[in-house]
Amino acid sequence: MTTTTKSVAPASEYKPGADGRLLQVDDLYVEFHTAEGVAKAINGVSFDLRQGETLAILGESGSGKSVTAQAIMGILDMPPAVIPSGAIRYCGQDLLTMPDEQRRKIRGPEISMIFQDALSSLNPTFPVGWQIGEMFRQHRGMNKSDAYAQAVRLMERVAIPGAKDRVKNYPHQFSGGMRQRIMIAMAIALDPAVLIADEPTTALDVTVQAQIMALLAELQEERQMGLILITHDLGVVADVADRASVMYAGRIVAQAGIEDLYARPAHPYTRGLLESIPRLDQKGQTLAAIGGLPPNLTRIPPGCTFNPRCRMAQDICRTEEPALRVIGNQESRCHFAEEVLNG
Amino acid sequence: MADVILKADNLYKHYPIKGGVLRTTVGHVKAVDGVSFELQRGETLGIVGESGCGKSTLGRVLMRLEEPTSGTVNFDGVDMYSQGGSAMRKLRRDIQIVFQDPYTSLNPRKTVGDIIGEPFEIHPDVVPKGGRKKAVQELLEMVGLNPEHINRYPHQFSGGQRQRIGIARGIALRPKVLICDEPVSALDVSVQAQVINLMEKLQDELGLSYIFIAHDLSVVRHISDRVGVMYLGRMVELGTEEEIYQRPTHPYTQALLSAVPVPDPTMRGKREQIVLTGDVPSPANPPSGCRFHTRCFKAQDRCKVDDPELVNRPDGAGEHRSACLFAEPRVIVETVDVSDVEVDTRFATTDVVDIDAFGDDEGVLPADATTVQQRSQVVGESEGPLDRPTDTTRLVDDEPAEHRDPRV
Numbered sequence: 000m001t002t003t004t005k006s007v008a009p010a011s012e013y014k015p016g017a018d019g020r021l022l023q024v025d026d027l028y029v030e031f032h033t034a035e036g037v038a039k040a041i042n043g044v045s046f047d048l049r050q051g052e053t054l055a056i057l058g059e060s061g062s063g064k065s066v067t068a069q070a071i072m073g074i075l076d077m078p079p080a081v082i083p084s085g086a087i088r089y090c091g092q093d094l095l096t097m098p099d100e101q102r103r104k105i106r107g108p109e110i111s112m113i114f115q116d117a118l119s120s121l122n123p124t125f126p127v128g129w130q131i132g133e134m135f136r137q138h139r140g141m142n143k144s145d146a147y148a149q150a151v152r153l154m155e156r157v158a159i160p161g162a163k164d165r166v167k168n169y170p171h172q173f174s175g176g177m178r179q180r181i182m183i184a185m186a187i188a189l190d191p192a193v194l195i196a197d198e199p200t201t202a203l204d205v206t207v208q209a210q211i212m213a214l215l216a217e218l219q220e221e222r223q224m225g226l227i228l229i230t231h232d233l234g235v236v237a238d239v240a241d242r243a244s245v246m247y248a249g250r251i252v253a254q255a256g257i258e259d260l261y262a263r264p265a266h267p268y269t270r271g272l273l274e275s276i277p278r279l280d281q282k283g284q285t286l287a288a289i290g291g292l293p294p295n296l297t298r299i300p301p302g303c304t305f306n307p308r309c310r311m312a313q314d315i316c317r318t319e320e321p322a323l324r325v326i327g328n329q330e331s332r333c334h335f336a337e338e339v340l341n342g
Numbered sequence: 000m001a002d003v004i005l006k007a008d009n010l011y012k013h014y015p016i017k018g019g020v021l022r023t024t025v026g027h028v029k030a031v032d033g034v035s036f037e038l039q040r041g042e043t044l045g046i047v048g049e050s051g052c053g054k055s056t057l058g059r060v061l062m063r064l065e066e067p068t069s070g071t072v073n074f075d076g077v078d079m080y081s082q083g084g085s086a087m088r089k090l091r092r093d094i095q096i097v098f099q100d101p102y103t104s105l106n107p108r109k110t111v112g113d114i115i116g117e118p119f120e121i122h123p124d125v126v127p128k129g130g131r132k133k134a135v136q137e138l139l140e141m142v143g144l145n146p147e148h149i150n151r152y153p154h155q156f157s158g159g160q161r162q163r164i165g166i167a168r169g170i171a172l173r174p175k176v177l178i179c180d181e182p183v184s185a186l187d188v189s190v191q192a193q194v195i196n197l198m199e200k201l202q203d204e205l206g207l208s209y210i211f212i213a214h215d216l217s218v219v220r221h222i223s224d225r226v227g228v229m230y231l232g233r234m235v236e237l238g239t240e241e242e243i244y245q246r247p248t249h250p251y252t253q254a255l256l257s258a259v260p261v262p263d264p265t266m267r268g269k270r271e272q273i274v275l276t277g278d279v280p281s282p283a284n285p286p287s288g289c290r291f292h293t294r295c296f297k298a299q300d301r302c303k304v305d306d307p308e309l310v311n312r313p314d315g316a317g318e319h320r321s322a323c324l325f326a327e328p329r330v331i332v333e334t335v336d337v338s339d340v341e342v343d344t345r346f347a348t349t350d351v352v353d354i355d356a357f358g359d360d361e362g363v364l365p366a367d368a369t370t371v372q373q374r375s376q377v378v379g380e381s382e383g384p385l386d387r388p389t390d391t392t393r394l395v396d397d398e399p400a401e402h403r404d405p406r407v
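Residue numbers (numbering that gives the first Met the number 0), protein chains in the order written: chain A, 0 to 342; chain B, 0 to 407.
Only chain A is shown next, with the shape it has when bound in the complex (with noise of 0.2 Å):
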């Protein structure tokens, strides 16, 4: 099965760096314009994407890790969303100068997204078969035919049971689980080279959850794809990433390898979400919690954007936003970093 899976997939015209590097986000800001003010939603976001890797995005509700995918995407409603200034490279491209008619031929073949819910994402009134062989009719002119059985060549993949006779049901006739695999089938139809998972598994059962995050990683490990995960679930991040960026009001303030993040972290948000959250593996926890709600957007305090959580909080953090400084093999955005690492 996995021979014929690559056969359709013409030769791409990117081709990452040297360093295997895909994907590079450079000083990225996006706002929205609304009514009640300017939301700055991400503000300054770099990083990078290497082949066969697996990044997360950590963050909670309203840090920006969705926006930033959105960015990616360009699928952002735009307006309300602004972005001011900073720069997506694909394969060393532009995707933020770049026609539109070259960044849809972006879309799909090269980088492809995963949505949390797959019962919105999907269209009702069409089989789930059309909806998959859509990749192929659009992108590589695939008549109905071929592309309904390019259509249960990857239901397969996804191992949905039953593919053939399944083709043709509607997104309804799926259980959620069996939903998202159909998402997952229409986001690697075009062997990307870049996969973004928004929440991929936040919806879903957690025995369901488990199946979905394995099936992922098989079919990373298979085509090498840079995988972006996107999630809130420390528990989730800790099993499958290599790398990790957290999020924290449209900025990163920490960025670490995955051991490093959660052995030794440098960020007192970071540190403080460890403390925060309920483990399987532990009895008697006293649970620590971060006290106060993330920031409102269009407010976002002076100085460093944490301090009113931050138990550490000096006066210096009241008035001067630190920068994403590098300590040891890691990167925070403290400015007492050190002690928080070291403490």
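One thing to keep in mind: the hints can contain errors.
[As the list claims (entries may be wrong)] Now the in silico label distances, taken between C-beta atoms and shown as ranges: (1) A:E319 <-> B:V274: 44 to 52 Å; (2) B:Q82 <-> A:G283: 37 to 45 Å; (3) B:D306 <-> A:E217: 35 to 43 Å; (4) B:Y102 <-> A:G91: 41 to 49 Å; (5) A:S45 <-> B:Q272: 33 to 41 Å; (6) B:H122 <-> A:N341: 51 to 59 Å; (7) A:K167 <-> B:Y102: 31 to 39 Å; (8) A:I315 <-> B:T265: 33 to 41 Å; (9) A:G161 <-> B:E120: 54 to 62 Å; (10) A:D241 <-> B:K297: 32 to 40 Å; (11) A:G342 <-> B:R267: 22 to 30 Å; (12) A:D99 <-> B:K297: 51 to 59 Å; (13) B:T265 <-> A:G283: 15 to 23 Å.
[As the list claims (entries may be wrong)] Simulated crosslink set (DSBU-like; lysine-lysine; CA at most 35 Å straight-line): (14) A:K167 <-> B:K303; (15) A:K282 <-> B:K6; (16) B:K303 <-> A:K163; (17) A:K167 <-> B:K17; (18) B:K132 <-> B:K89.
[What the hints assert, rightly or not] Partner residues are not named here, just some residues of chain B that face chain A (Cβ under 8 Å, in silico): (19) G112; (20) V218; (21) D336.
Don't read these hints as lab results, they were simulated from the structure.
We put the beta carbon where it would ideally sit given N, CA and C, even for glycine.
Starting from the known structure of chain A, fit chain B onto it as the hints suggest.
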């Protein structure tokens, strides 16, 4: 026998499925299908299971928001389902509920004072009319909200604050039992712990018994004394927190536990994973024999015929209730006892606080920098991981964070 406050016996809740031109009943969704358990006074009983297992229906039936198809609930010596109107209303004082979704379970057109005060309208003899505002303000303080915000509307509060309002309403009549249906699952990670700690504090202070319904096995382990695992309308395993998490004997419990990711990358690949195939069957047409046999990795021919009872079965160290013909203990999670480990409170706090410096309905920054600093310092002063403040005035703190961009 310890002090049992609530005892459910053989509860059934079947919903008819109507079909055909005459809308006749063609079948039943067996949401709750023979559930028995007891709740001890002052304990937390966690109910876990995947969506569709009937755990929320169970909560609603226990509240008598829905009449059961059959079965009894004995609440503090009274047969709940045989009570008439006024007696039932009186009984409801003692058993209250907190709902999952803090966004839809509060009436958007009522102020917080009206919402929390509504139980006093229905039960006017609890607090005399003149004392109600004060009673509501006390409740707000107890759940860590600012009593001055009594005239605000739900939309002016964040999700975590709204859940506190739901809890304040739930405890207004000083119930003996509080049914909590997924009370933290709609909340952000950093806010979940605030609400869990609040619920634990209220339990200590008011001597509440909780039925804590949730799908998150880590949260349930943290808060529960005993745990029941549900599958397709049945309780498949029931025991103490230790029995369920350290010596599970039912294959479904074992599979559930093995699927939960642990936030520790060094455990990657080292944990045993039991991957279940397929999906949960329809509760309208549950499998014969043991309901789990279609997905079970241990199923034998017998399991398709014999329906195992939830009875005590040996678990290696003793015995606890499990509904499996081939029940045997299996260690899925290597448990570390951290009850003596001191929590690092330099980054997060075990106090019940809710600091928020931003936002106001007028769209101005109300809390100037100094107030915020003072607040942080007050929080910072309390020492020791178990130092839960008893002085409720120190718990007060909140500001709304409305108008957050829903797309973000």
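For each hint, the structure was consulted:
1. Take A:E319 and B:V274: their Cβ atoms lie about 50 Å apart, and the range 44 to 52 Å holds.
2. Distance hint check: the CB atoms of B:Q82 and A:G283 are about 39 Å apart, consistent with the given range 37 to 45 Å.
3. The given range of 35 to 43 Å is respected by B:D306 and A:E217, whose C-beta atoms sit roughly 37 Å from each other.
4. Evaluation of the 41 to 49 Å hint for B:Y102 and A:G91 yields a pass: the beta carbon distance comes to about 44 Å.
5. Between A:S45 and B:Q272 the CB atoms are about 35 Å apart, so this pair conforms to the stated range of 33 to 41 Å.
6. The hint said 51 to 59 Å for the Cβ distance between B:H122 and A:N341, and at roughly 56 Å that hint holds.
7. Judged by the Cβ atoms, the range 31 to 39 Å given for A:K167 and B:Y102 holds: they are separated by roughly 37 Å.
8. In this structure the supplied range 33 to 41 Å holds for A:I315 paired with B:T265, their Cβ-Cβ distance being about 35 Å.
9. Separation of A:G161 from B:E120 is about 56 Å and conforms to the stated range, judged on CB atoms against 54 to 62 Å.
10. Judged by the Cβ atoms, the range 32 to 40 Å given for A:D241 and B:K297 holds: they are separated by roughly 35 Å.
11. Roughly 26 Å separates the CB atoms of A:G342 and B:R267, a value that falls within the hinted 22 to 30 Å.
12. One distance hint, 51 to 59 Å for the beta-carbon pair A:D99 and B:K297, holds here, with the actual separation near 56 Å.
13. The given range of 15 to 23 Å is respected by B:T265 and A:G283, whose C-beta atoms sit roughly 21 Å from each other.
14. For the hint pairing A:K167 with B:K303, the CA-to-CA distance comes to about 32 Å; that is within 35 Å, so the pair holds.
15. Using a Cα cut-off of 35 Å, the hinted pair A:K282 and B:K6 holds, with the two alpha carbons roughly 27 Å apart.
16. Among the hinted pairs, B:K303 with A:K163 is consistent with the structure: their alpha-carbon atoms are about 29 Å apart, no more than 35 Å.
17. A hinted pair counts as satisfied when its Cα atoms are at most 35 Å apart, and A:K167 with B:K17 qualifies at roughly 27 Å.
18. Taking the CA atoms of B:K132 and B:K89, the gap is about 22 Å. The hint holds against a cut of 35 Å.
19. Annotation: B:G112 was flagged as interfacial toward chain A, and the flag is violated, the nearest CB pair being 22 Å apart, outside 8 Å.
20. The interface hint given for B:V218 is met, as the beta carbon of that residue sits about 5 Å from the closest beta carbon of chain A, less than 8 Å.
21. Taking 8 Å as the C-beta contact cut-off toward chain A, the hint placing B:D336 at the interface holds, the least distance being around 5 Å.
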